[in-house]
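Novice: Using the sequences and the hints, build the whole thing.
So the sequence lines, in the order shown, correspond to chains A and B.
For the first sequence, the positions run 1 to 183 when the numbering used here is used.
For the second sequence, the positions run 1 to 321 when the numbering used here is used.
Derived by calculation from the structure, the hints in this document are not laboratory data.
The beta-carbon is built from N, C-alpha and C at its ideal position, and this holds for glycine as well.
Certain hints may be false.
Unchecked claim - Computed Cβ-Cβ distance ranges for the label pairs, DEER-style:
id: 1; chain 1: B; residue 1: 249; chain 2: A; residue 2: 15; range: 32 to 40 angstroms
id: 2; chain 1: B; residue 1: 62; chain 2: A; residue 2: 37; range: 31 to 39 angstroms
id: 3; chain 1: B; residue 1: 96; chain 2: A; residue 2: 45; range: 36 to 44 angstroms
id: 4; chain 1: B; residue 1: 90; chain 2: A; residue 2: 140; range: 16 to 24 angstroms
id: 5; chain 1: B; residue 1: 90; chain 2: A; residue 2: 47; range: 28 to 36 angstroms
Here's the letter readout for the chains.
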Amino acid sequence: MESEAGRAAWPRPVRPRLPGWLAYRLQRVLAPNAAYRRLAGVLAGSPAAYRAFTATERAAKGAAFGCRMCGQCTLPVTGYACPETCPKKLRNGPCGGVGADGSCEVFPDTRCVWVVACERAEREGRVTDLLLFQRPVDHRRAGRSAWVSYWAGDDADLWAPAAGTGAAPGPDAAPAAGSGPGG
Amino acid sequence: MSVITGAGLRARLASGAFAVTAEISPPRGADPGALLRKAEPLRGWADAVNVTDNAGAHVRMASWAGSLLAAQAGIEPVMQLTCRDRNRLALQSDLLAAWAVGIPNVLLMTGDHPKFGDDPGAVPVFDLDSVQLLWAARTMREEGRLISGRALTSRPGWLIGAVENPFAPPAGFRAARLAKKAAAGAEFVQTQFVFDAAAFGRWMAEVRDLGLDQRCRIIAGVGPVRSLRALDHMRTGVPGLYIPDEVDRRLRAVPADQVADEGTRICAEIIEQVRAIPGVSGVHVMAPGYEQAIPGILERAGLARRDPAAPASALGGQHAH
Numbered sequence: 001m002e003s004e005a006g007r008a009a010w011p012r013p014v015r016p017r018l019p020g021w022l023a024y025r026l027q028r029v030l031a032p033n034a035a036y037r038r039l040a041g042v043l044a045g046s047p048a049a050y051r052a053f054t055a056t057e058r059a060a061k062g063a064a065f066g067c068r069m070c071g072q073c074t075l076p077v078t079g080y081a082c083p084e085t086c087p088k089k090l091r092n093g094p095c096g097g098v099g100a101d102g103s104c105e106v107f108p109d110t111r112c113v114w115v116v117a118c119e120r121a122e123r124e125g126r127v128t129d130l131l132l133f134q135r136p137v138d139h140r141r142a143g144r145s146a147w148v149s150y151w152a153g154d155d156a157d158l159w160a161p162a163a164g165t166g167a168a169p170g171p172d173a174a175p176a177a178g179s180g181p182g183g
Numbered sequence: 001m002s003v004i005t006g007a008g009l010r011a012r013l014a015s016g017a018f019a020v021t022a023e024i025s026p027p028r029g030a031d032p033g034a035l036l037r038k039a040e041p042l043r044g045w046a047d048a049v050n051v052t053d054n055a056g057a058h059v060r061m062a063s064w065a066g067s068l069l070a071a072q073a074g075i076e077p078v079m080q081l082t083c084r085d086r087n088r089l090a091l092q093s094d095l096l097a098a099w100a101v102g103i104p105n106v107l108l109m110t111g112d113h114p115k116f117g118d119d120p121g122a123v124p125v126f127d128l129d130s131v132q133l134l135w136a137a138r139t140m141r142e143e144g145r146l147i148s149g150r151a152l153t154s155r156p157g158w159l160i161g162a163v164e165n166p167f168a169p170p171a172g173f174r175a176a177r178l179a180k181k182a183a184a185g186a187e188f189v190q191t192q193f194v195f196d197a198a199a200f201g202r203w204m205a206e207v208r209d210l211g212l213d214q215r216c217r218i219i220a221g222v223g224p225v226r227s228l229r230a231l232d233h234m235r236t237g238v239p240g241l242y243i244p245d246e247v248d249r250r251l252r253a254v255p256a257d258q259v260a261d262e263g264t265r266i267c268a269e270i271i272e273q274v275r276a277i278p279g280v281s282g283v284h285v286m287a288p289g290y291e292q293a294i295p296g297i298l299e300r301a302g303l304a305r306r307d308p309a310a311p312a313s314a315l316g317g318q319h320a321h
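Specialist: Next comes the structure, spelled out in structure tokens:
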């Protein structure tokens with residue numbers, strides 16, 4: 001059973017290799033500004049440059065977080081643990097099958113992405129981030145650069161506050177344009 | 001066609017009277033009689049009966065068809081719908097279909113991973129997660145819109161339910177996760193099997209602190225252990241299910257021919273214990289392959305039969321004690 005799951009192409013929980021405090025600090029470096037917006041514009045106009053940039057992003061985020069290039073990065077509000085590495089790709093919290101020791105039900109030799117996310121968010125004082133409602137993924141954006149989208153302002157409605165949970169958008173998270181649950 | 005209006009479970013939960021739901025798995029076959037034979041013993045005992053959706057990632061007759069058969073037989077169904085086998089287009093169209101054929105209640109969940117099923121090579125879809133599906137359903141019902149934003153020509157009216165596991169890590173996040181589901185659209189929740197009433201009580205305290213029991217009715221999942229073989233399977237083979245050592249000891253202490261009886265006794269005791277916890281609105285009895293034991297368990301727990309012929313006021317009086 002285990003070796004079978006080990007061979008499968010299902011997403012597999014990846015333990016972030018970058019400590020939470022460092023990830024949040026780097027996030028500030030990547031925060032959108034005029035220069036980044038200009039860069040996003042340039043990259044959008046040059047397929048070759050866009051490809052090279054995206055390859056760099058893939059390598060960096062792959063090494064740090066096991067990034068699978070969904071193109072809609074939720075890391076800033078999930079404790080910098082990637083929910084796309086959950087075998088069920090759950091963006092709004094853990095499933096009910098987490099082992100008593102915090103293990104993933106599909107890959108018991110790994111820890112549940114959301115158990116890790118909760119620990120990291122708690123340590124950095126970002127627990128309310130986890131209560132945000134994460135909208136359905138746009139599968140057209142798979143393989144695209146999430147950084148370029150972020151700088152271009154295309155990520156504004158990835159998540160929204162959920163009423164009655166005490167969740168507030170993170171400092172760098174633009175509030176959603178549309179209506180979320182209870183919103 | 002169906003005479004079910006959804007008055008049963010919805011009215012029971014709205015009235016504040018203690019609700020009872022149960023669960024059946026459709027057959028691995030095309031015989032409607034096989035489904036009805038499982039549902040029939042529950043008539044008059046449960047306010048509504050869940051019909052599972054390829055539970056454990058094992059292929060069965062579709063939950064919508066099982067729900068429709070139950071409704072046509074006068075047994076109110078709760079149609080389970082998982083995100084494992086369908087993308088968002090199919091999920092939304094199945095939800096519309098459910099209301100169109102007279103299914104009054106839906107239970108929206110992520111679903112077990114194909115790894116645990118009879119065909120692990122199947123594609124795990126998980127296009128939406130359970131919270132997103134709850135939000136989609138609520139938006140369809142309240143705003144008459146699909147996820148895409150397109151307007152519906154008429155709105156469905158189901159009662160929307162969710163599931164939660166109070167016992168699984170991350171500890172301290174499970175009540176908050178239910179809050180997220182309630183905010184997304186869940187009006188009631190059925191929990192994973194409760195075998196540890198004290199641990200369940202601690203989770204309920206968190207739920208009450210968030211005021212969640214006022215926004216989302218809490219129905220505690222319970223069920224009997226039928227045999228020592230079933231016990232071993234439940235302890236090791238079912239993700240997210242926790243059975244305390246004390247229950248294990250009690251079941252192993254009795255002679256083999258009395259394990260089933262001890263299992264139903266423990267289940268009835270747990271029903272009485274969770275019923276005494278403030279904010280618990282009902283119990284959900286799960287006994288896969290052992291549905292005929294459910295009436296006896298309910299009787300043992302002091303939950304009298306709901307006579308479908310009796311007037312509603314008499315029912316209320318019967319269960320308000």
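Novice: Does each hint fit the structure? Answer for all of them.
Specialist: Here is what the structure says about each hint:
Remark: the range hint 32 to 40 angstroms for residue 249/B to residue 15/A is upheld by a beta-carbon distance near 37 angstroms. Here the CB-CB span from residue 62/B to residue 37/A is close to 49 angstroms, at odds with the stated 31 to 39 angstroms. For the hinted restraint 36 to 44 angstroms between residue 96/B and residue 45/A, the CB-CB distance of approximately 43 angstroms keeps it satisfied. Distance hint check: the CB atoms of residue 90/B and residue 140/A are about 19 angstroms apart, consistent with the given range 16 to 24 angstroms.
The hint said 28 to 36 angstroms for the Cβ distance between residue 90/B and residue 47/A, and at roughly 34 angstroms that hint holds.
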